[in-house]
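Take 106 as the starting number for the sequence shown in our numbering and just add one per residue.
In short, the hints are calculated from the structure, not lab data.
All residues carry an ideal CB built from backbone N, CA and C; glycine is no exception.
Keep in mind that the hints are not guaranteed to be accurate.
Think about it this way: if two alpha-carbon atoms lie no more than 25 Å apart in a straight line, the pair counts; the simulated SDA-like pairs of lysine to any residue are [to be verified]:
{"hint": "1", "residue 1": "Lys215", "residue 2": "Ala171"}
{"hint": "2", "residue 1": "Lys197", "residue 2": "Pro228"}
{"hint": "3", "residue 1": "Lys215", "residue 2": "Val253"}
Derived Cβ-Cβ restraints for the label pairs, each shown as a range [to be verified]:
{"hint": "4", "residue 1": "Asp199", "residue 2": "Gly252", "range": "12 to 22 Å"}
{"hint": "5", "residue 1": "Lys226", "residue 2": "Thr167", "range": "36 to 46 Å"}
{"hint": "6", "residue 1": "Glu240", "residue 2": "Ala214", "range": "34 to 44 Å"}
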Amino acid sequence: MTRKPRRHALSVPVRSGSEVGFPQSLGEVHDMLYDKSLERDNCGFGLIAHIEGEPSHKVVRTAIHALARMQHRGAILADGKTGDGCGLLLQKPDRFFRIVAQERGWRLAKNYAVGMLFLNKDPELAAAARRIVEEELQRETLSIVAGVMSPLTKACWVKSPSPLCHALSKFL
Numbered sequence: 106m107t108r109k110p111r112r113h114a115l116s117v118p119v120r121s122g123s124e125v126g127f128p129q130s131l132g133e134v135h136d137m138l139y140d141k142s143l144e145r146d147n148c149g150f151g152l153i154a155h156i157e158g159e160p161s162h163k164v165v166r167t168a169i170h171a172l173a174r175m176q177h178r179g180a181i182l183a184d185g186k187t188g189d190g191c192g193l194l195l196q197k198p199d200r201f202f203r204i205v206a207q208e209r210g211w212r213l214a215k216n217y218a219v220g221m222l223f224l225n226k227d228p229e230l231a232a233a234a235r236r237i238v239e240e241e242l243q244r245e246t247l248s249i250v251a252g253v254m255s256p257l258t259k260a261c262w263v264k265s266p267s268p269l270c271h272a273l274s275k276f277l
């Protein structure tokens, strides 16, 4: 089975004068993707990492402290509990995921990913979203090993017109 090439910005021909071709420089790619009218300022951003890439509890503590210092920039809603999404990006805890997978009888490949989907409360729309995700993963020759419904804290949910509520973690 041959894979179809992925289409992305670099695979779309661009017009350069009278010629049609592919971008020849990062500047051309930048011109294709960047639109100054869409530029917005962010609320705050911090980056803290161990220079050697080693896991460190000190780095996590420092990052949590930095988040607390940025609370005034974090778009906290009037309820004082919710906001628009600040958090920490951590290294994938491979050993933990492998232990969980082994306990549940799942076979994880050497390279795998873990994803979280927030699905619509409407069962039909949620099923349609799952199908789309599964089709796209299949297109990339990936498969879902397992899906787990994650517990959510309803007390912190914001009353919103958004019907999203189910969180589903996927092991690929």
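So, going through the hints one by one against the coordinates:
1. For the hint linking Lys215 to Ala171, the alpha-carbon distance of about 34 Å lies beyond 25 Å, and the restraint is violated.
2. Using a Cα cut-off of 25 Å, the hinted pair Lys197 and Pro228 is violated, with the two alpha carbons roughly 30 Å apart.
3. Restraint check for Lys215 and Val253: satisfied, since their Cα atoms lie roughly 20 Å apart, inside the 25 Å limit.
4. Checked against the hint of 12 to 22 Å, the C-beta distance between Asp199 and Gly252 comes to roughly 19 Å, which is consistent with it.
5. Checked against the hint of 36 to 46 Å, the pair Lys226 and Thr167 passes, with Cβ atoms roughly 38 Å apart.
6. In this structure the supplied range 34 to 44 Å is violated for Glu240 paired with Ala214, their Cβ-Cβ distance being about 20 Å.
Of the numbered hints stated above, those contradicted by the structure are hints 1, 2, 6, listed in ascending order.
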